Every structure is written in structure tokens, then in C-alpha cells.
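Q: One-letter residues, chain by chain:
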Amino acid sequence: MLAYTCRRLLMTLPVMLFVAIFVFGLLDLAPGDPAALLAGEDATPQDIARIRATLGLDQPFLSRFGHWIWNVLHGDLGQSLYTGMPVSDMILQRIAPTFTLMVMTLLISVALAIPMGTLAAWRHNRWQDRGIMVFAVFIFSVPSFVVGYLLAWAFGLQLRWFPVQGYVPFSGGLLASLHTLVLPALALGSVYVALITRITRATLLETLTQDYIRTARAKGVDNRTLLFRHALKNAAVPIVTVVGIGVALLISGTVVTETVFSIPGLGRLVVDAILRRDYPIIQGAVLLFSFLYVIVNLVVDLLYRAFDPRVKY
Amino acid sequence: MKNFLALLKSQPAMLVGFVLLAALVAIAVFAPWLGTVDPTALSPVNRTKPPGAQFWFGTDLLGRDVYSRVVYGARVSLIVGFSVAVLSTLIGVVIGLAAGFVRWVDAVVMRIMDGFMSIPTILLAIALIAVASASMKNVIIAITVAEVPRVVRLVRGLVLTLREQPYVEAALAAGAGKLRIVARHIFPNTIAALTVQATYICGVAILAEASLSFIGAGVPPSVPSWGNIMAEGRALWQIRPYLIAFPAVFLSVTILAINMLGDGLRDAVDPRMAKRAD
Numbered sequence: 001m002l003a004y005t006c007r008r009l010l011m012t013l014p015v016m017l018f019v020a021i022f023v024f025g026l027l028d029l030a031p032g033d034p035a036a037l038l039a040g041e042d043a044t045p046q047d048i049a050r051i052r053a054t055l056g057l058d059q060p061f062l063s064r065f066g067h068w069i070w071n072v073l074h075g076d077l078g079q080s081l082y083t084g085m086p087v088s089d090m091i092l093q094r095i096a097p098t099f100t101l102m103v104m105t106l107l108i109s110v111a112l113a114i115p116m117g118t119l120a121a122w123r124h125n126r127w128q129d130r131g132i133m134v135f136a137v138f139i140f141s142v143p144s145f146v147v148g149y150l151l152a153w154a155f156g157l158q159l160r161w162f163p164v165q166g167y168v169p170f171s172g173g174l175l176a177s178l179h180t181l182v183l184p185a186l187a188l189g190s191v192y193v194a195l196i197t198r199i200t201r202a203t204l205l206e207t208l209t210q211d212y213i214r215t216a217r218a219k220g221v222d223n224r225t226l227l228f229r230h231a232l233k234n235a236a237v238p239i240v241t242v243v244g245i246g247v248a249l250l251i252s253g254t255v256v257t258e259t260v261f262s263i264p265g266l267g268r269l270v271v272d273a274i275l276r277r278d279y280p281i282i283q284g285a286v287l288l289f290s291f292l293y294v295i296v297n298l299v300v301d302l303l304y305r306a307f308d309p310r311v312k313y
Numbered sequence: 001m002k003n004f005l006a007l008l009k010s011q012p013a014m015l016v017g018f019v020l021l022a023a024l025v026a027i028a029v030f031a032p033w034l035g036t037v038d039p040t041a042l043s044p045v046n047r048t049k050p051p052g053a054q055f056w057f058g059t060d061l062l063g064r065d066v067y068s069r070v071v072y073g074a075r076v077s078l079i080v081g082f083s084v085a086v087l088s089t090l091i092g093v094v095i096g097l098a099a100g101f102v103r104w105v106d107a108v109v110m111r112i113m114d115g116f117m118s119i120p121t122i123l124l125a126i127a128l129i130a131v132a133s134a135s136m137k138n139v140i141i142a143i144t145v146a147e148v149p150r151v152v153r154l155v156r157g158l159v160l161t162l163r164e165q166p167y168v169e170a171a172l173a174a175g176a177g178k179l180r181i182v183a184r185h186i187f188p189n190t191i192a193a194l195t196v197q198a199t200y201i202c203g204v205a206i207l208a209e210a211s212l213s214f215i216g217a218g219v220p221p222s223v224p225s226w227g228n229i230m231a232e233g234r235a236l237w238q239i240r241p242y243l244i245a246f247p248a249v250f251l252s253v254t255i256l257a258i259n260m261l262g263d264g265l266r267d268a269v270d271p272r273m274a275k276r277a278d
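Just so you know, the sequences run in chain order A and B. Anchor point for the first sequence: position 36 equals 36 in this note's numbering, and the numbering is continuous, going up by one each time. Anchor point for the second sequence: position 150 equals 150 in this note's numbering, and the numbering is continuous, going up by one each time.
Since the hints were made in silico from the structure, they are not lab data. Small disclaimer: the values here were computed from a predicted structure and weren't measured. A hint or two may mislead.
[To be verified] Simulated restraints, written as ranges between beta carbons of each label pair:
1) B:VAL105 / A:GLN165: 46 to 54 Å
2) A:LEU9 / B:ARG47: 52 to 60 Å
3) B:VAL29 / A:LEU9: 49 to 57 Å
4) A:TYR82 / B:VAL25: 36 to 44 Å
5) A:GLY166 / B:LEU34: 38 to 46 Å
6) B:ARG234 / A:THR83: 18 to 26 Å
7) B:PRO32 / A:GLY172: 34 to 42 Å
8) B:ALA183 / A:TRP70: 45 to 53 Å
9) B:THR40 / A:THR12: 41 to 49 Å
10) A:THR83 / B:ILE191: 47 to 55 Å
For each residue, glycine too, the CB sits at the ideal point set by N, CA and C.
Hey, can you work out the whole structure from these sequences and the hints?
A: This is how it looks when you write it as C-alpha cells:
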């Protein structure tokens, strides 16, 4: 297990290196001269040259890349071209809402999807099953920002149960904060709910055809115990897999969902950075999100063992 | 063709998806003759008119006819969807076949693909578009770059199983060259799975374009697309929900239709999958 963990950790290195090269090359290709931008409008060519030398922009590509990687590993992602603030500080300021939203989305999605998938499997081919499957296909196809507007309109504008837009930080009270994130989490989680519902149902149906389930049934175990005690356990591995794959959807969805609900998170930071052509911010955010994605998938791989002792490495 | 019609008949959901998609293609193609006006024509007198007899879907902040914009917006979505599906499949097949058959290519290519796949689609597209510029061509390129690794993985996986098949061994024994084996025995067997994959990619690309345009990193505002119509409606949506609702419905129905078509194709291609997903 330890050997596998180490090997798996090593395997993420080339991937992370690729992402780093891509992200760095991106800024290198970006139009505009960062030195000239930082120097301001009435800078002399000497000023610009000085800044370029301080930033190391006059060095060859590999040297600059090495320098940049060194800084990144020390938590220095450069400066925003727009505010002049360190990118890492700006990202840290915005990380709380995004992270809370993602965790909440995961929890809500799993809490909704597993009962729905189980119900569908239990009532296989009855109306409950058909209804849930049609619903799953439907919410899988409706984009999360459309779901977002629909929820904001219904539960925000009409019923007034939740705020239509905006975000209350933790300092404004934990419950109030989470309250503002319910609708965004539901919107962001819609695709997730569809995926997890389908995989839960499919796994349960497959497991129910196994020999040991027939044996359990033969010795008189009732349907409910069968489903919850014997079958549902087996659904853990595929569900965890879907959660891992879905993190990419979650990250992409965050950028859009935060725009719909005006949440000042990382997604908004990226969107604002696009409009301002603030490349270091985009660079930092892509790096951070990709790193998160790689780590989540690493954890998912390691979790297989925890959920299914039969898995051998 | 006959097979396809029989397939549509046997799968009602797929038929619905196909008919909806055909209708959308017709809307996109015949946009100028569907009672539309110039989708970019400003009319300050008619700003934010609610839907009615003159403006079926109402007008936006600048007095443009939302119905015309939504109808013309179908063109952007479908062009992006189909282009990305075709391009990423073609590029992915070539790379995937090479990776599946040549060992050293495999090692290099798959690490690069892993790298690309560890950057979420929208972020990869945002990064590429931020460096280039917001245009339909760049949106297509950016989404294609994000989707190619998925096709490569699929093709490579198929090649690795197919090359162990007895008939490939037989062809090798009979003295067939590598290229001939790939062209005659391997590639034809990947087409079914690729068709399914391409259908899903088409849906993913349409969603990605809409998302990108919605956050301002997609098709430029001068070209109406469902994503940027919604982006422009954002400021007013609480009092004028139709500004968001009409493009949202068209977008959702399009993706739903494509997914229904894809599910039907998948079930037809691989009955085992049908049983599992059903």
C-alpha cells in the first residue's frame, strides 16, 4: 500500500510538470509586455528595461521557467498586472467561498443522488425508477447555469426562501453563509446528481444479480436488509470514481456558477481576469485548479482500497 | 441509412432527439426566413419590450429582437458543436492509432494527454482564449484541444484490445503490413464507438461554448450566441427573466436532444452498456 502510494505520487509529477510548462508557456505567449504594463504609462525605456531585468524577463526561456517554478514552489505566483498585488494573496482571499461551495456541492449531491439511485434500483422498472431516470437524463443535459437561474427565480425571487444572489462570508455567521450557498450548490451539483444517481442504480442492479445476494435471499434475508447491508456497500467504488472524474466538471462549473450568483470566489476572479487580460491571475488559477484535480484523483485512487479490500495494487 | 432508420424506429427516445436536432439544424439554416429581423439591429425606442405580437421573445437592453438573436444563435452553437466533434475525432483518431501501435509514441503521447486532461475543459479553453482572442474560430480550437485527449484515450484503449484479436494475428501471419492492419482491421472496428463519442463531444462543445460566451471568453458580443445573449440579459434578468429564459430553453433542448441521440447510439452499438446504464 505504501509502495503504491509512493509510486502513484511519483506518477503525478510528470503531469504536474506538463501543466506547469503549459501554464508558463501561456504567459510567455501572451501579447503585451508585462514590464511595460507594470512600469505604468509615463515610464521611460530605461525604467522598462530595469523592471525587465528585475523580473528576469531578459533571461532565456529555460532559465525563466526554472526561476518561475522555484517561485511557484515557494508560493510566489507573481503579481497581478491589474492591481499589482501578489497573485497568491488574491487567490487566498477568494478561496474560501469557492472551496465551501465545492464541498457543499459534493455533500448535497451525494445526499440527494444515493437515495434516488437506490430507490430507482429498488423499484426497478416501476414508475419511481422511470421517473428518476427521466429526471437524471434531464438534469444531465440542462447546463448548470440554466439550473442556477431556474432555482434563483423559483426559490429566490418567487418563494423567497433563499437569497437570489450574493454571498455572506463566514465572518457574517456560518449559517447565514451556508444559506447563501444552497442554491449555487444545487445548481452546480445538478450534473453530479445525475451521474451519481445513474451509477448508484446501475451498480445496485448489477450487484443484485450476484450469487451471494441469491444466497442471502435464500436464507431469508428481507429485501431491505439485502439492499442496504449487502448491495449498497458495493456501490462505493463506482461512486467514488464518479466523484473523482466529476471534480473537473465541478471546477469548470464553479467559474460559471459564481458568475450567476455573484459569489466573489476564484471563478469570479478568473472571469474578471479574462476581461482585464490579467494573465498571471489566469495562470495561477489554472495551476491551482489543475493541481486540485490531480490531487483529488490521487486520493480517489487510494480510496478504492479503503472501500474495497479486494482491490490489489 | 436503412439501419439508421430502423434504429430510430426501435428507440423512441433517440427518435425524439433526432427530430429535435433536425428541427434545430433547420432553424439555423433557414434563420433569415423565419420571421427574423437583423439580430444586431439596435432600436433604442424598443428597449426591453416584453414578449408580444411584434417582438415574439421581447427585446433586450439595446432594443434588439431577442427572437431573431436566439434563432441566429442556433448557428453558432451548431457550428461549434459539429466542428469540435469532427475535428477532435479526426485528430484524436490519428494520435490514438499511433499511440496504440507504436510503443515510444504511446509513452510520450499519453503523458501529454494526461497533462491536458488534468486541466478542466473550461479553464483550458479560457487560458487559450485569453492568449489568442475571443472569436468563434478560437473557441472551436480551444474546445477541440480540450476534447482531443478523450478521443485519443478511447482509440488507444480500443487498439490495445483489438490488436490482440485472433484475426489481427491471422493478418500478421498472412504477411499484412502494419499500416494495412490498422487501416483494414483496426480502424473500422473503432468507428462505432467513435460515433457515440463524437455525438457526446458535440453536446459538450455546445455547452462549453455557451459557458465561455456567458462569462465573456467566448464568441464576441457582435455575433449572437445563446451564451452571450444570456450574458447580456444577466443585468436585467430579475425583472426581465425572458432575456435569459429563451436562450436557456434552446440551449438545454439542444443538449438534451444530442444526449438522447448519443444514448440511443450507445445502446445500439453496445447492448451490454445499454443494460448497465439502463
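Q: Next, verify each hint and record whether it holds.
A: Verification of the hints:
| no. | hint | verdict |
| --- | --- | --- |
| 1 | B:VAL105 / A:GLN165: 46 to 54 Å | 50 Å, holds |
| 2 | A:LEU9 / B:ARG47: 52 to 60 Å | 58 Å, holds |
| 3 | B:VAL29 / A:LEU9: 49 to 57 Å | 53 Å, holds |
| 4 | A:TYR82 / B:VAL25: 36 to 44 Å | 42 Å, holds |
| 5 | A:GLY166 / B:LEU34: 38 to 46 Å | 39 Å, holds |
| 6 | B:ARG234 / A:THR83: 18 to 26 Å | 24 Å, holds |
| 7 | B:PRO32 / A:GLY172: 34 to 42 Å | 52 Å, violated |
| 8 | B:ALA183 / A:TRP70: 45 to 53 Å | 48 Å, holds |
| 9 | B:THR40 / A:THR12: 41 to 49 Å | 48 Å, holds |
| 10 | A:THR83 / B:ILE191: 47 to 55 Å | 52 Å, holds |
Going down the numbered hints, you'll see the structure goes against just number 7.
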